[in-house]
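**Student:** Chains E and R supply the protein sequences, listed in that same order. Just so you know, the first sequence maps onto residues 1 to 152 in the working numbering. Just so you know, the second sequence maps onto residues 153 to 811 in the working numbering.
In case anyone wonders, no lab produced these hints; they're calculated from the structure. Glycine included, every Cβ here is placed at the ideal spot set by N, Cα and C. It cannot be assumed that every hint is accurate.
Reference excerpt, derived from the structure (chain E facing chain R, CB under 7 Å, subset only) [stated by the list, open to error]: (1) Leu-36; (2) Arg-70; (3) Glu-74; (4) Gln-122.
Pairwise CB distance ranges (calculated) [said to hold, decoys possible]: (5) Gly-55(E) x Asn-701(R): 27 to 37 Å; (6) Ala-665(R) x Glu-93(E): 28 to 38 Å; (7) Leu-785(R) x Glu-116(E): 14 to 24 Å.
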Amino acid sequence: MQMKTILTALIATLFLVSCGNGNHDVSDDPGDSDGLTDFQLEHGIGPVTERVDLGEIDPARVEEGRSIFRMKCEACHNMEGRMVGPALGDVMESRSPEFVMNFILNPSGMTREHPEGQRLLQEYMTPMPFQNVTREEAKAIVDYLRDYAENQ
Amino acid sequence: MKTEKSRILRGMFFGAGFVALAAFLFTGCPSQDRMMDTRDAAQKVYVAPGDHDEYYAFLSGGYSGQLSVWGLPSGRFLKVVPVFSQDPETGYGYSEETKPLFQTSYGFIPWDDSHHPHISQTDGDSDGRWIFINANNTPRIARIDLDTFETKEIIELPNTGGNHASSFVTSNTEYVIGATRFSIPYETDLDVAIDTYADNFDGALSFLSVDPDNGRMDLKFQIVVPPYHYDLGRAGKGPSADWVFFTTYNTELAHTMLEVNASRNDKDYIAAVNWRRAAELVEEGHGRTMSAEYYHNYYEGNQGYAVSNRKDEVTVLYPEDIDENFMYFLPTPKSPHGVDIDPTGEYIVGGGKLATVIPVHSFSRMLEAIDNEAFDGDSRGIPILDYDATIIGEVEDPGLGPLHTEFDGRGYAYTSVYISSEIVKWSLDTFEVVDRIDAYYSIGHLMITAGDNVNPEPRYMLGLTKTAKDRYLPTGPKQNHPAQLYDISGDRMELLLDFPTIGEPHYAQAIAADQIKDQVKQIYELEENDHPNAILGVADNRVERDGNNVHVYMASVRSHFRPDNIEGIRVGDTVYFHLTNVEQEWDVVHGIAIKGAENAEILVAPGQTKTLKWEPQRTGIYPFYCTAFCSALHQEMQGYVRVSAADADVPLTWRTGTN
């Protein structure tokens, strides 16, 4: 009887200890799609956790965004027409700036944990990579996309 | 098991004939096969899946010419860093960017024999910035960056035959050293009778400065020394940090049948060189400028391409030119192989390869002997010190064929012993052997974690052995060379692990993983890509013709190339695919190979640009594809090149995406 208790305790300890690590998540804000907050559902999962005040479109930032886009995004995204990924010419009309920034900054978390990200991955089959873009640079890309949506 | 081992040991003893019999008499029975309880040993080397090892170990590849990287204590193989040999697996030595690294005064050399990796040091301890390694055959030294684990520089050593006593660094990486193993004439291409050896041949000791900011080497000077064979070298530490020490053999000046003719003298020398004073003498203008052709190849800029620079002169110091002494010979029995300096910098340990003892010189006694001019003649103006004036101990009963020594920082030295195939542990206090353990089989170097540093870490020891015989599942008449891991944290050495390696694991270095792993780059930043043929936006993809040379400026991203359809190439063209991998995610590599190319594939890391050269010989349609499995649509990552006849008028066109 005593032996049995010790064994049970040992096995329980083993489970507790052995399951405690090893599940490193690259997402900044882990959680399954069921448990997403309203903010996350609308604006995505990632480092942007509250609304961003973008203000007026800044021409200098548009230029910066354009050059980053050319270097790091254009291989997969056209403005008009599907390529490896979806067309982005009108993305700012259907997505919030925070959603786009979170997708740029946390693509693996978005495609794994966000229902919209999961749907896009099923549709396009190639997971979007993180392209070593900072938060400020993501903001510049958003300005470039806003400018395109308004002026083209 | 035991019977099999003694059978093999006996076989080796008989093979070595009389010498082996002597070994048996001197050392008695080989020590017992001693290993920690199997479960304890397994626990000590177990690193759970996903966890990381405590140490990076860098093992030279010997005749593979490369450097292999392992995790300790697990013995996990991490990667091969290609250095002196072309590597079709990565395209190193096949891409246009890396070919210049292989340039020498003898042309493009695709192979070498790499022996002694040495990590850069600060205050006598490994600092993890760079690792240097020597090429024996066509004498060179390479530098590998430890943030990218890539070879970034190779410099050739003139006036040198067999750069073996290399590439050891001084305490603060002021210099990396080289030396001639086979003395040869200095004058380039001198055509003389070999039996004029004593008159026409010279030895060369090389001193290459290292730029503290970027690691770039520069051959500052060579010292012209008697035509002995310079075998191994080590820099001093602490009080002896201004000195380097080289072993010599063949003081007999033999040039044939050295096995016998270079083993006659009871003592050869350890050469002690005050490198700091020698460098000052060069600065003060005491060197001579001599013409000498050699190449210095290195990466220009961040990540672009290597360049080759031909050099045509070198500064040499002739000791007999100079009134003051800056180097000395320490008589040492007998054809000494290794020379190793203990952590305090006081003891200079010779590996008396053919001696029956391990001779230990004292650095402070050496300085006294120099002050007292306790000289026993000279060789070409270099004073020979009196043996009794510098020797402080002789370790008795070390086994037969002691070679190399490292230290644990707790007062013990560990010497590898080749013929009796064992490691002996001895006290730096009493100079007595306190423990011995078998090596499987025929050990060359050994390595202790930080065991050549001022602050050794007495954790693990690797024995680097020359034959595997029955240790693993047999794989044919030629088997891979082993390494054995020992636990040295306790009083007695304990065998933990035995694993085959690549090439010949000649010498090794280990450094705590924490000293390196956070500096390792995950990508090359596209913003910093300064390759002249990079395209930094896929919109720049294009094909340009310049006579018979066609340049394809191409980008890769999961899962396509841009462009992927090219027409207008003609037989007789030389096509250069400049492939920029525009991915910015760790470990997402793309490669390119094209049918019929007399070349290897080229692998391109994230953010990097590499160039594949292709000379199509026949008309036709040539598929090319991504060789690195990159994504779910990797099989779709391909393209076509149309090759037309030399006189065809198919216009040069390229496209992507419009079927």
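**Student:** Could you run down the list of hints and mark each one as holding or not?
**Tutor:** Evaluation of the provided hints:
no.: 1; hint: Leu-36; in the structure: 25 Å, violated
no.: 2; hint: Arg-70; in the structure: 4 Å, holds
no.: 3; hint: Glu-74; in the structure: 5 Å, holds
no.: 4; hint: Gln-122; in the structure: 12 Å, violated
no.: 5; hint: Gly-55(E) x Asn-701(R): 27 to 37 Å; in the structure: 51 Å, violated
no.: 6; hint: Ala-665(R) x Glu-93(E): 28 to 38 Å; in the structure: 50 Å, violated
no.: 7; hint: Leu-785(R) x Glu-116(E): 14 to 24 Å; in the structure: 22 Å, holds
In this structure, the earlier hints numbered 1, 4, 5, 6 are contradicted, and the remaining ones agree with it.
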